[in-house]
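Quick mapping for you: the protein sequence lines, in order, are chains A and B.
Just so you know, the first sequence maps onto residues 1 to 497 in full-length UniProt numbering.
Just so you know, the second sequence maps onto residues 1 to 336 in full-length UniProt numbering.
Be careful, since some hints might not be right.
Unchecked claim - What the simulated footprint calls covered on chain B by chain A, stretch by stretch (three residues with Cβ under 8 angstroms from a Cβ of chain A suffice, anywhere in the stretch; the number is not a length): (1) 72–85; (2) 95–108; (3) 164–178; (4) 248–262; (5) 272–278.
As the list claims (entries may be wrong) - Pair ranges (Cβ atoms, derived): (6) Arg191/A x Ser188/B: 52 to 62 angstroms; (7) Tyr416/A x Gln38/B: 28 to 38 angstroms; (8) Phe399/A x Ala197/B: 52 to 62 angstroms; (9) Pro268/B x Tyr192/A: 28 to 38 angstroms; (10) Val16/A x Pro237/B: 39 to 49 angstroms; (11) Tyr192/A x Glu90/B: 40 to 50 angstroms; (12) Tyr416/A x Glu90/B: 31 to 41 angstroms; (13) Arg191/A x Pro247/B: 47 to 57 angstroms.
Calculated directly from the structure, the hints in this document are not laboratory data.
Glycine is no exception: its CB is placed at the ideal position from the N, C-alpha and C atoms.
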Amino acid sequence: MWDGILIGISTAFSPVNLIAVMLGCFAGTFIGLLPGLGPISAIALMIPITYGLDPATGMILMAGVYYGAIFGGSTSSILINAPGVAGTVASSFDGYPLAKSGNAGKALALAAYSSFIGGTVATFLLLLFAPLLAKVSLSFQSSDYFMLMVLGLTTVAAFSGKGNYLKAGIMTIFGLMLSTVGTDLSTGVERYTFGSIDLLDGISFLLLAMASFALAEALHNILVPVKESDTSSTEVSDLSISKQEFGEVAPTIGRSSILGFFVGILPGAGATIASFLAYGVERNLASEEQKQKFGKGSLRGLAAPETANNAACSGSFVPLLTLGIPGSGTTAIMLGALISYGVQPGPRLFVDHPQVFWSVIISMYIGNMVLLIMNLPLIPYIAKLLTVPRPILIPLILFFSLIGVYLVSFNTTDLYIMVFIAIFALLLRLLQFPIAPMLLGFILGKPIEDNLYRALLANNGSVSFLWERPITLAIFCLVCAVVILPCWRIYRKRSSD
Amino acid sequence: MKTYDYFAMPFLIILTAACFFLSIRKSPQNLHSDSIQQIHFLVPGGVGGGWDTTARTVGEVLRKAKLVPQISYENLSGGGGGKAIAHVIETAKHQQQTLMVNSTPIVIRSLQKVFPQSFRDLTPIASIIGDYSCLVVTKDSKYNNWSQIVAEYRQKPSKISIAGGSVKGGMDHLVAAMICEACEIELSDLVYIPYDAGGKALAGLISGETQLLSTGLGEAMELAKAGQLKIIAVTAPNRVKAISDIPTFRELGYDVVFANWRGFFAPPGIHEKQRKLYDKLFRKMYDEVLWKEARKKNGWSEIYYANDEFTQFLQRQEQQLQKLMTKLGFIKETQK
Numbered sequence: 001m002w003d004g005i006l007i008g009i010s011t012a013f014s015p016v017n018l019i020a021v022m023l024g025c026f027a028g029t030f031i032g033l034l035p036g037l038g039p040i041s042a043i044a045l046m047i048p049i050t051y052g053l054d055p056a057t058g059m060i061l062m063a064g065v066y067y068g069a070i071f072g073g074s075t076s077s078i079l080i081n082a083p084g085v086a087g088t089v090a091s092s093f094d095g096y097p098l099a100k101s102g103n104a105g106k107a108l109a110l111a112a113y114s115s116f117i118g119g120t121v122a123t124f125l126l127l128l129f130a131p132l133l134a135k136v137s138l139s140f141q142s143s144d145y146f147m148l149m150v151l152g153l154t155t156v157a158a159f160s161g162k163g164n165y166l167k168a169g170i171m172t173i174f175g176l177m178l179s180t181v182g183t184d185l186s187t188g189v190e191r192y193t194f195g196s197i198d199l200l201d202g203i204s205f206l207l208l209a210m211a212s213f214a215l216a217e218a219l220h221n222i223l224v225p226v227k228e229s230d231t232s233s234t235e236v237s238d239l240s241i242s243k244q245e246f247g248e249v250a251p252t253i254g255r256s257s258i259l260g261f262f263v264g265i266l267p268g269a270g271a272t273i274a275s276f277l278a279y280g281v282e283r284n285l286a287s288e289e290q291k292q293k294f295g296k297g298s299l300r301g302l303a304a305p306e307t308a309n310n311a312a313c314s315g316s317f318v319p320l321l322t323l324g325i326p327g328s329g330t331t332a333i334m335l336g337a338l339i340s341y342g343v344q345p346g347p348r349l350f351v352d353h354p355q356v357f358w359s360v361i362i363s364m365y366i367g368n369m370v371l372l373i374m375n376l377p378l379i380p381y382i383a384k385l386l387t388v389p390r391p392i393l394i395p396l397i398l399f400f401s402l403i404g405v406y407l408v409s410f411n412t413t414d415l416y417i418m419v420f421i422a423i424f425a426l427l428l429r430l431l432q433f434p435i436a437p438m439l440l441g442f443i444l445g446k447p448i449e450d451n452l453y454r455a456l457l458a459n460n461g462s463v464s465f466l467w468e469r470p471i472t473l474a475i476f477c478l479v480c481a482v483v484i485l486p487c488w489r490i491y492r493k494r495s496s497d
Numbered sequence: 001m002k003t004y005d006y007f008a009m010p011f012l013i014i015l016t017a018a019c020f021f022l023s024i025r026k027s028p029q030n031l032h033s034d035s036i037q038q039i040h041f042l043v044p045g046g047v048g049g050g051w052d053t054t055a056r057t058v059g060e061v062l063r064k065a066k067l068v069p070q071i072s073y074e075n076l077s078g079g080g081g082g083k084a085i086a087h088v089i090e091t092a093k094h095q096q097q098t099l100m101v102n103s104t105p106i107v108i109r110s111l112q113k114v115f116p117q118s119f120r121d122l123t124p125i126a127s128i129i130g131d132y133s134c135l136v137v138t139k140d141s142k143y144n145n146w147s148q149i150v151a152e153y154r155q156k157p158s159k160i161s162i163a164g165g166s167v168k169g170g171m172d173h174l175v176a177a178m179i180c181e182a183c184e185i186e187l188s189d190l191v192y193i194p195y196d197a198g199g200k201a202l203a204g205l206i207s208g209e210t211q212l213l214s215t216g217l218g219e220a221m222e223l224a225k226a227g228q229l230k231i232i233a234v235t236a237p238n239r240v241k242a243i244s245d246i247p248t249f250r251e252l253g254y255d256v257v258f259a260n261w262r263g264f265f266a267p268p269g270i271h272e273k274q275r276k277l278y279d280k281l282f283r284k285m286y287d288e289v290l291w292k293e294a295r296k297k298n299g300w301s302e303i304y305y306a307n308d309e310f311t312q313f314l315q316r317q318e319q320q321l322q323k324l325m326t327k328l329g330f331i332k333e334t335q336k
């Protein structure tokens, strides 16, 4: 094992490969910055370029692209509230308020640090436990996923703020409803498409996120101009995180790394669920006083999803590398990339070609490290984006969010739908409805429905899986606890008053 | 801050102008030469999907082998491919250089009336590659061959469910139904569990949620070689070279032959000469070492039909699927 690791390290540090990983990180960050282009498109765009490269070089370049794109995605969601990938939605909840209050540099630096630590911890866990965890990752069945998604839905309380539970609930259900648009997986029937061919595939996450977050925010800024903050550009690009702040987020990062990794190894869950769960967990663990800060620029609220997101991305390589099973869109395209370099992931990889196995893992690690080293000096410049005067910045945001959606589908109808949703979301915002629960409902709606359908089908229509499957039962109990405990607390408080 | 307002307007105008310039395409001009100078690949789905990979791989081979000097790509997703089909037909006049990539779902979806057009409204050029389907079980499964499974089905049909990576009425489901029908298993006994991607269906099978998986041979082959899965039988007409120990359904006495092809379509009404040129071009491509490498890299089987042969193949496939889908209730008996 150590021989393999040493060979892997020496290959990774050859000058050619170091240049490759830097190029990859740079290209990945740049592509990921554009709302709409996430890791999947970044890797798909880079694969043809890497044909003909040495497999090790190609792989290490891809690792750079992969982590770069994830980081780039967080950047756009923190700076301009445009989460182009579902995994970075939760980062915008606290990242964007932080950036808006003049701490853009700090927010980005914290995101970079926590992504790095999350990725590193997860890569180590991958290194140590990958073969062991392979079985665990594939023992989850649809009923377990169903419950896990429901657990994800309970985190909605975290976004609702004080006294807004009803509105948050309404928006969650609205999001669930939006997720039913399109062809139904279970019956092949069209739902709520109004005969339009453009709604047949449903509303894309990207479209909804761009319209309801980025576009609506930009429009809101035009209607309700915020006072031009007097923060000088030195403050915006200040990266320093104080010792006390670091002490505050350190346990968060530790918890979220482990949580993210374990959610990430499940083929049906992935980075999005991981980041939402981490956010919810942190909020539930926080003291009453800190709870108030969530959603308004809490450092913990930013560190948790950022760490979990990256840790989950590394975790998703467990089923891919050990069994050759791609659990997510990104790992599916990674599988394509690996095969094109002549690497067939699977149980035989570890036995027959340990040096290849280790070099994949080590290149992931190097990609993560180079990204941090490269991006920290760049952050002040990226953060300065916010000092661009609003008359220029807002049209740019409008332009890039529309282009981002169009570049993925090349479908003009999407743009009309987008503008419609943006105006609707703007109205909701003006009426003080929180938008995040809608996105949460939308993201979780489809997996909840599909997994429940599959679970019922596999059980001949009975719900016995609720108590027959231990994993489902355990998560179910957790859901009950999360829902009932706060209600009970409120009830006790009221009766004691 | 006020001064910046003066910048905003010209800035927007420049952006708009840039968009306009970018949208103007070079006008086509190569009708009269005797080789194909330019191909514009239209992909009905997003970047990185199966259609996209096919178009881009073929395009790269054509360019690198210097068979076609100018290659471009366009992605237009929506409506399960219907958007792109409608686009090609509407703008056929300006699309003489366009080849749209498509695959078996064009037949399925036009039968389901997802979109009103069918392959008849286009000019079928050639199927380029393909993949046979197969049924697989996990390595620890108690089933080793198809007759065991049929026997089990006859006893306790509800005990066996089949996973697949497509919606109900999609390809993986139809293949499973086709096999059941040939084996005289009641279609109502077929429990098909849909997953949203092949990889997830595989994970479902391994988790023990289902006993069988209906999938493409390309996806199952490597895992079977690694000893992770057992392939029960394939829907190829003859044994597949790479896995010559796996029987075909035909050998087992059930006449199930099904290939998921991927190929190209030109807009309606293209010149006969152009059609012949395409045929020549793809035949040439099949001799290229580059293409053989690319096919091997992607695990694609050779399923090559050109022009009329392709059209007949499509008609046969349509008939086969129509009968089945009517029985399954995915096509409503329309007034004919």
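Structure-based check of each hint:
1. Coverage of the stretch 72–85 of chain B by chain A holds. Counting CB-CB distances below 8 angstroms, 9 residues qualify, and the rule asks for three or more.
2. Counting residues of the stretch 95–108 of chain B whose C-beta lies closer than 8 angstroms to any C-beta of chain A gives 0; at least three are required, and the coverage claim is violated.
3. For a cut-off of 8 angstroms, the count of residues in the stretch 164–178 of chain B with a CB near a CB of chain A stands at 4, and the three-residue condition holds.
4. Taking a C-beta to C-beta cut-off of 8 angstroms, the stretch 248–262 of chain B contributes 0 residues in contact with chain A, too few for the three needed, and the coverage statement is violated.
5. For the stretch 272–278 of chain B, the stated coverage by chain A is not satisfied: 0 residues place a CB nearer than 8 angstroms to a CB of that chain, which falls below the threshold of 3.
6. Restraint check, Arg191/A to Ser188/B: a C-beta distance of roughly 24 angstroms breaks the suggested window 52 to 62 angstroms.
7. Checked against the hint of 28 to 38 angstroms, the pair Tyr416/A and Gln38/B passes, with Cβ atoms roughly 32 angstroms apart.
8. Between Phe399/A and Ala197/B the Cβ separation comes to about 33 angstroms, which falls outside the hinted range of 52 to 62 angstroms.
9. Remark: the range hint 28 to 38 angstroms for Pro268/B to Tyr192/A is upheld by a beta-carbon distance near 32 angstroms.
10. As the Cβ distance of Val16/A to Pro237/B is approximately 47 angstroms, the hint placing it in 39 to 49 angstroms holds.
11. Look at Tyr192/A against Glu90/B: about 26 angstroms separates their beta carbons, and that is not inside 40 to 50 angstroms.
12. Between Tyr416/A and Glu90/B the beta carbons are some 18 angstroms apart, a value that contradicts the proposed interval 31 to 41 angstroms.
13. In this structure the supplied range 47 to 57 angstroms is violated for Arg191/A paired with Pro247/B, their Cβ-Cβ distance being about 41 angstroms.
Consistency note: the structure conflicts with the earlier hints numbered 2, 4, 5, 6, 8, 11, 12, 13.
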